[in-house]
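Trainee: Below are the chains, spelled out letter by letter.
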Amino acid sequence: MKIGVFVCHCGTNIAGTVDVERVSQAASKFPKVKHSASYKYMCSNPGQNLVKDAIKKHKLDRIVIASCSPSLHEKTFRKCVEAAGINPYLIEMANIREHCSWVHKDREKATQKAIELTRLAVSKVSRNKPLEKTYTTIEKKVLIIGGGISGIQAAIDIAFANYPAVIVEREPSIGGRMARFDKTFPTLDCAACILTPKMVTVSQSEHVTMHTYSEIEEVSGFVGNFTVKIRKKARSVDINKCTGCGACYNKCPVKVPSEFDMGLGKRKAIYTPFPQAVPNVPVIDRENCLYFKTKKCGICKKICTVGAIDYDMKDEVIEEKFGAIIVATGFNQFDHSVYGEYGYGKHKDMITGLHFERMVNSSGPTGGKIIRPSDGKEVRDVVFIQCVGSRDEQKGLPYCSRLCCMYTAKHALLLREHNKDSQAYVFYIDIRAAGKNYEEFVKKVQDEYGAIYLRGRVSRIFEKGGKLIVRGADTLSGAQIEIKADLVVLATGLVAQKDAPSLAQMLHIPYDKNNLFTEAHPKLAPVETITSGIFLTGACQSPKDIPDTVATASAASVKALGLMVQDKLAREPLIASVNQDLCSGCLACLKACPFSAIEEDEIEDRKLRRKRTVAKVREAVCTGCGNCTAVCRMAAIDLEGFTNTQIMEEVETL
Amino acid sequence: MIDQIKTKAKELLKTKKVDIVIGYKKASDRIGAIPAFIDKEGDIDKLIWDGYCVYNLSNYLKDFPGKKIGIVTKGCDAKSMTVLLQENQLKREDIFIIGIECSGIVDEKRKGGDIAYDERCKGCKPATPPIYDVLIKEEEKKQAPRLEQDPYESVRKLETKSIEEKFKFWQDEFSRCIRCYACRQICPLCYCPRCVAEQTQPAWFSKAVSVEGNFSWNVNRAMHLAGRCIDCGECERACPVGIPLRDINKKIEKDVKELFSYEAGVDTEQKPLFSSFDKNDPEDFIK
Amino acid sequence: MSEWEPKIVGFLCNWCSYAGADLAGTSRLEYPPNIRIIRLPCSGRVNPLFILKCLSNGADGVLISGCHIGDCHYSEGNFYARRRFAVLKKLLEYLGIDPRRFQMSWVSASEGDKWARLVTELVEEIKQAGPNKDFVRKND
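Residue numbers (the numbering used here), protein chains in the order written: chain A, 3 to 656; chain B, 1318 to 1604; chain C, 6 to 145.
One thing to keep in mind: the hints can contain errors.
Unchecked claim - Computed list of lysine-lysine pairs in BS3-like fashion (alpha-carbon distance at most 27 Å, straight line):
#1 B:1331 with B:1342
#2 C:12 with B:1485
#3 B:1483 with C:95
#4 C:12 with A:107
#5 B:1385 with A:609
#6 A:593 with A:515
#7 A:609 with B:1384
#8 B:1571 with A:593
#9 C:119 with B:1596
#10 C:94 with B:1524
#11 B:1408 with A:618
#12 C:95 with A:111
#13 A:593 with B:1408
#14 B:1384 with B:1343
#15 B:1574 with A:593
In short, the hints are calculated from the structure, not lab data.
Assemble the whole structure, with the sequences as input and the hints as a guide.
Mentor: This is the structure we're talking about:
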């Protein structure tokens, strides 16, 4: 064994505190060290060449670089030694910068510590083994969970690259929240006008398969090779036969509040959620359908000329394989009933922003008229309350929901557009309008559309003389304010979907205390998760407006496509492996693996002359955390790169 | 009740439900009991049952691979079988458990004297095995009614000592350790193909009889039994130099009960202590 | 005695605590030079036998540091470590090992200051505990 040690000055970063020459000299006397040297910048090209030349000249077979943190340059030096013909896993780094020269001032002590850290690295590298990357195949298909704007955009991007995408949407139609919006800030494009073409593109793409009215039931496997069970709920309408003529829901005698219209309008028991639904195939709501309740009626079946109605249809569970998964499950509205002072539920003329979206929509339940739900009269004075739930750690959410400032401004504008005599009052804490043309938009709403912005919280809302009296403080003027409103609109915050945790558990991705899915890194890997091959887009990760949602959808698609274009997937060899002769088959490791990366195996025990169960690592799934190694009493399972022998050697050297 | 055991054993052998019955027979000193391995109906009369049936027979199960075994099992010993099942070391269908709801065994150290209950029996009530195929009840012995007693009395006593006193106490105990590994050999739950004590790559701790080697071995043994030891007491009985090993095992047993409400050997489906966690596990010791 | 400087081994998870110690460096936060860090992927990788090896090899103190609960790069590794070392810590104390000698902490990648403070305090505590002579044969 011939170990080479290379000590970096890092300019004065290391050399300023550590006597680099002394470290190099000391290292040359460590056991098995054949060569040591120092250089001003080891990571620079000349520095790397120095290492490569020394490897050839002194026939070195293992390398220690004493320099900065391995998180910075471990990869650099792996490549460097590989170019010189050494297995890239036969290097170790001694962190004498972040952990030494930068945190100590005493030159003597720092030098002494640098020598010991280098000794530690030398002892470890003496126990390193050459390792090879492993390769797995990739199923060339992407699963997209959620068919809102996020999932739709992702599907379009995947399809554009000629790879198949499968959207699973639990509602009867794709479109998600955006399909409910009227106009979009700050440009006021009509949401339907920009969304519907995308929905159609998806539905017509030969590369996209849609499973609407469907949910994910089970996910197993790993990057490149996920196996997913999808429950296709019984629609009661044959999607292949239905022509979307609409005769069935026109004639259906049952009327129930429409979820799509936030209960402001009605739908039938057989229905499509909205006229532009994709697919344009109705679904029977079996809880409310007369046929399912009483076995009488059956009008839809009688009237359907193509025989698409199937009352006996059953849920179907299909299994498909995917190489990557994009999670685009969106958000829910904050439940504002915790704000007793607003009296929601008590006052009929109090609605949320999403209700307002439906109301102001010309194809919505009121035909675009902004009315009081109590008496149907058109409104004049409307109070908008921002931050309902958001930025309120006591009662609501600790975070800012990011879009409420903007959609409230938009609502105030639309109100004036629909009714020239109206007046909008907006209670706010801060205006957060950071985005292209956002600040300008809010300004315009105030200056050109006459919206009155009041900085302060609302303390109480009560009814008097057929109006809602909104009492609050304007903290800027210090005045107590009382407004007689026809309508109060609450800008409720965005929260995670109720079942986000169970989906996260299925996918083995983490989620935070607000049940929002956690990205692999908040800055550098915002659409990845720690489970490789699973990506995040849209509001399921954090509240996002449409531009951000679309941007993350495309980002996630690029990440997924990055997998799709590869023939084989290279995997780091720093994973666990089992010495099956030592393994007792107790499977403590299997039960302790956070990634289900260990399975049972059977070997022929020559000594006992019979078959016995042992553990085996599923190499493609193992992430190399090493938890299994610590629960194994017989030390039969070990972690490459951080083996028991390596660690014990390090401790021995201390 | 011995008749009940014999009848069952006979039936099991006769119907070929099992190939062998493991029970107890009289030792040559005519007082103690030793394991009996009976594969012929004719030998069944050798079987005995009394307060001297101390040994945990589950340790012998691994000696008959591929055979169907009937086994006479006290409540405590059945717990170790539960752990063995939990850990995939036994197949439930391969064993027929003749469960004994025992009323206590004698303190072996006082063999020959009056029947005095073993220390560990005092806190054991009821003594019903957690798993069994047939249950045979022993009538309570008259001499010493079992008391509800703190099973951790001696652990608590040690816990109150100062750190120096504890260290001195245990160093004195461990200094006698001759590293014979009898504690390991006798333990029904020490079944590793190759114990870490004998591994060389890496050498986990000193193999020599030494302060640090003895300490490491004993801590290692205890940690490997954490959440698994069911206090059959075999290790302490087997220790030729009389190290109070049960006081270590019981300490961990007490801690995991208090910290994680975890108890060993009660449920075959239970996840091992260290292969599971609770999100609210205490962490007041973490900075 | 004034010559004696404690030797402390730190088993740090790569993703949080090691990065936190890196940050202490990047932020130039000074702390005593007594700790030797062994980088591991996760606090869950730490085998109790490592601790025993350190102590019997003469380390005056051992520290395990991982991600805060909920931050684990492998989502659950630190949960397992927490349970494992809760038991070991109590056992070692019961067997007479000064509890200051074996400690555990959660240090995130953003807690460079916590890392510097932690090591400073740890060195101080171990200095008070004195050199680890527990495993040196005494001739009394």
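Trainee: Please go over all the hints and tell whether each is borne out by the structure.
Mentor: Verification of the supplied hints:
1. Annotation: proposed proximity of residue 1331 of chain B to residue 1342 of chain B holds, straight-line Cα distance about 20 Å (limit 27 Å).
2. Proximity of residue 12 of chain C to residue 1485 of chain B is assessed by CA-CA distance (about 24 Å); at most 27 Å being required, the pair is judged to hold.
3. A C-alpha spacing of about 13 Å is found between residue 1483 of chain B and residue 95 of chain C, which places the hinted pair at or below 27 Å, so the restraint holds.
4. About 18 Å separates the Cα atoms of residue 12 of chain C and residue 107 of chain A, which keeps this hinted pair within 27 Å; it holds.
5. A C-alpha spacing of about 20 Å is found between residue 1385 of chain B and residue 609 of chain A, which places the hinted pair at or below 27 Å, so the restraint holds.
6. A C-alpha spacing of about 25 Å is found between residue 593 of chain A and residue 515 of chain A, which places the hinted pair at or below 27 Å, so the restraint holds.
7. Distance hint between residue 609 of chain A and residue 1384 of chain B is fulfilled; the C-alpha atoms sit about 17 Å from each other, no more than 27 Å.
8. For the suggested pair residue 1571 of chain B and residue 593 of chain A, the alpha carbons sit about 23 Å apart, so the restraint of at most 27 Å is met.
9. At roughly 24 Å between alpha-carbon atoms, residue 119 of chain C and residue 1596 of chain B fall within 27 Å of each other, so this suggested pair holds.
10. Taking the CA atoms of residue 94 of chain C and residue 1524 of chain B, the gap is near 24 Å; set against the 27 Å cutoff, the hint holds.
11. A distance of roughly 20 Å separates the Cα atoms of residue 1408 of chain B and residue 618 of chain A; the hinted pair therefore holds under the 27 Å criterion.
12. With a C-alpha separation of about 34 Å, the suggested pair residue 95 of chain C and residue 111 of chain A falls outside the 27 Å cut-off, and the hint is violated.
13. Distance hint between residue 593 of chain A and residue 1408 of chain B is fulfilled; the C-alpha atoms sit about 18 Å from each other, no more than 27 Å.
14. At roughly 25 Å between alpha-carbon atoms, residue 1384 of chain B and residue 1343 of chain B fall within 27 Å of each other, so this suggested pair holds.
15. Annotation: proposed proximity of residue 1574 of chain B to residue 593 of chain A holds, straight-line Cα distance about 20 Å (limit 27 Å).
In summary, the one numbered hint that this structure violates is 12.
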